[in-house]
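Colleague: Quick mapping for you: the protein sequence lines, in order, are chains A and B. Sequential numbering from 55 applies to the first sequence in this note's numbering. Sequential numbering from 10 applies to the second sequence in this note's numbering.
Where hints are given, some of them may not hold.
[Said to hold, decoys possible] Sample of chain B residues at the chain A side, in silico, Cβ under 8 Å:
| # | residue |
| --- | --- |
| 1 | Pro69 |
| 2 | Ile73 |
| 3 | Ala76 |
| 4 | Glu97 |
| 5 | Gln98 |
| 6 | Leu99 |
| 7 | Arg101 |
| 8 | Glu105 |
| 9 | Ala106 |
[As the list claims (entries may be wrong)] No farther apart than 20 Å at their CA atoms in a straight line, the calculated lysine to any residue pairs in the SDA-like style are these:
| # | chain 1 | residue 1 | chain 2 | residue 2 |
| --- | --- | --- | --- | --- |
| 10 | B | Lys122 | A | Lys271 |
| 11 | A | Lys271 | B | Glu97 |
| 12 | B | Lys186 | A | Ala106 |
Treat the hints as calculated values from the structure; they're not laboratory data. Built from N, CA and C at the ideal position, the CB exists for glycine as well.
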Amino acid sequence: MNLVRLRLGYVPLTDAAPLIVAHELGFAAEEGLELDLVRVGAWAQSRDLLGAGVIDAAHMLVPMPIAQRLGLGPALPEFDLVMFLSVGGQAVAVSEAIAEKLRNNGFAFDFADAHSAGLALCAATGGRLRVGVPFPFSTQAELVWHWLGASGFADGVEVVTVPPPMMADAMEAGEVDAFCVGEPWASFAVERGIASLLLPGRAIWASPPEKGLVLRKSMAEDQPEVTGRLMRAVWRAGRWLDVAENRGTAAEILSQGAYLNLSSELTERGLTGRMLVSPAGELRVAPDFIAFHSGAATFPWKSLAALIARRIALRHGLPVDPAMRQAMACFRTDLYRQHLRQAGADLPGASAKVEGTLTHPHAVASEHGRMILRPDAFFDGHMFEPPFDR
Amino acid sequence: MDKRLSIIVVERDHERAIRIVDGLREAGDYHIQVIADESGLARRIAEHRPDIVLIDLANPSRDILEAIAVASGPTERPVAMFVDRSDEQLTRAAIEAGVSAYVVDGLRPERIKPVLDAAIARFHMFQRMRAELAATKAALEERKIIDRAKAILMKARGIDEEAAYALLRKTAMDQGKRVADIAQQLVLAAGLLT
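Chain A with its partners taken away, still in its complex shape:
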């Protein structure tokens, strides 16, 4: 069989796993695809290569295609997000100087309670904090703004962009006091004795969509055959990744020189949720730290597009309603249904929901009868109702 060759961009992070596994374990070949994985150094590079047609699809921060739609990037062809690749997987870290203050104040580093962590951090820092995030349009930025905003921090917060591999260096140089980043880069900073981990992203927001599979809209629409094959290959890789026994193997694959080029022990932490939260080696177990499949993790809810677009629009002084509608249009639940139905994906009855209502896994109506959705609550009970009349 002649394989169709596709070039895929990825940034070396644990959550690039679905693309790497699709390639390494043959899920792509099963769909007649030969994936050429292109490692990129900057999120902006991934966006530019996709726009120029140098790559066919990209592993991208979920808010990035939204920001493009809102005109906050360069003039490039339109992008669509066809599925999520991962949910969760972020960690919030603080410098050892702040960690020591927190310990002296009796804070227990439970790596679970965002409410008490926020209050303790505010008390320890006097509400002044410089926080590193990987990109201005990132789930990490949304988590940080939301959490600190609801924890008593006001004007004293500065959120700055630091590329993930440089996060530890920036903290060591005193450029940031805290950061929120995807694995393995939080554990990397702990390993170097520079940071202690405060929270998993999921403690702030139970279901933060992290990376998406992003294509040029023209390709997603004009090449449905290839788009469908790619989506199914990646979706099956995600299903494989969410079998608990496979996570160790996944860590081995991801750690190789061509991908993360780090020890598999380090990579494994963010895949199993067994995190060392301090340089002293304290272990905390964060169940479901990152998900690639279960609980409809890959379904690109239009309500999440609206939620993120609203927040970005407010920060950049753009009109909120049009922003939400533009963003909802680039989350392609229609293509998800069209291409993944035949792979056996169960599909929710609706494409948008009120976000933030579920504190526990919850059964809803689906094409196969009933499906279980992941919890999606914010730590402070925040809820978001998307504009349903489309």
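Using the hints provided, position chain B relative to the given structure of chain A.
Modeller: Okay, now just chain B, sitting in the frame of chain A:
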């Protein structure tokens, strides 16, 4: 009368930085500065207030410039914007050459274009040099493998070098493969047998 454009080149590789600066000097009379150490990049860009920032497309520090670009309003000075929005072809040429440019909003396109053209030419040259270097390295590797395969054949079958190479070439042709691939297989197999 326009004042001279001020350009910042972010480039760690000294040799490469010099070539890019030379290319820009040939293109026009600009005020050019090179930033080789990217620590505190945001602060330094704000201090220098350049009209244009040139940086490798793949440099992770680009994401820091992106943040500056979307954070600053159009009336502030260190407003870097992306490659000129009106010229899609130029944008594509820059991306393909591996250069990204952050340009102050409102700068006239005819002032930006010569800078970008020069940068694109230099970046292209470096891409070519990199590709050539990689190809040379690969060719050297192949040459070494073929030499080893020849030596193995000469010893095992008591033939001379010319005959050994002829044998490798014939096998490669029969199997529809490259000589280097057959040599690789032979070296691997010989390694297993000894």
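Colleague: Each hint needs a verdict: does it hold in this structure or not?
Modeller: Here is what the structure says about each hint:
1. Pro69: holds, 4 Å
2. Ile73: holds, 5 Å
3. Ala76: holds, 4 Å
4. Glu97: Result: holds, 6 Å to nearest chain A Cβ.
5. Gln98: violated, 11 Å
6. Leu99: Violated: closest Cβ of chain A sits about 11 Å from Leu99 of chain B, beyond 8 Å.
7. Arg101: With a closest approach of 5 Å, the Arg101 of chain B hint holds.
8. Glu105: holds, 6 Å
9. Ala106: violated, 11 Å
10. B:Lys122 with A:Lys271: violated, 29 Å
11. A:Lys271 with B:Glu97: Roughly 17 Å separates the two Cα atoms, so the pair holds.
12. B:Lys186 with A:Ala106: Between Lys186 of chain B and Ala106 of chain A the Cα gap is close to 35 Å, so the pair fails against 20 Å, i.e. violated.
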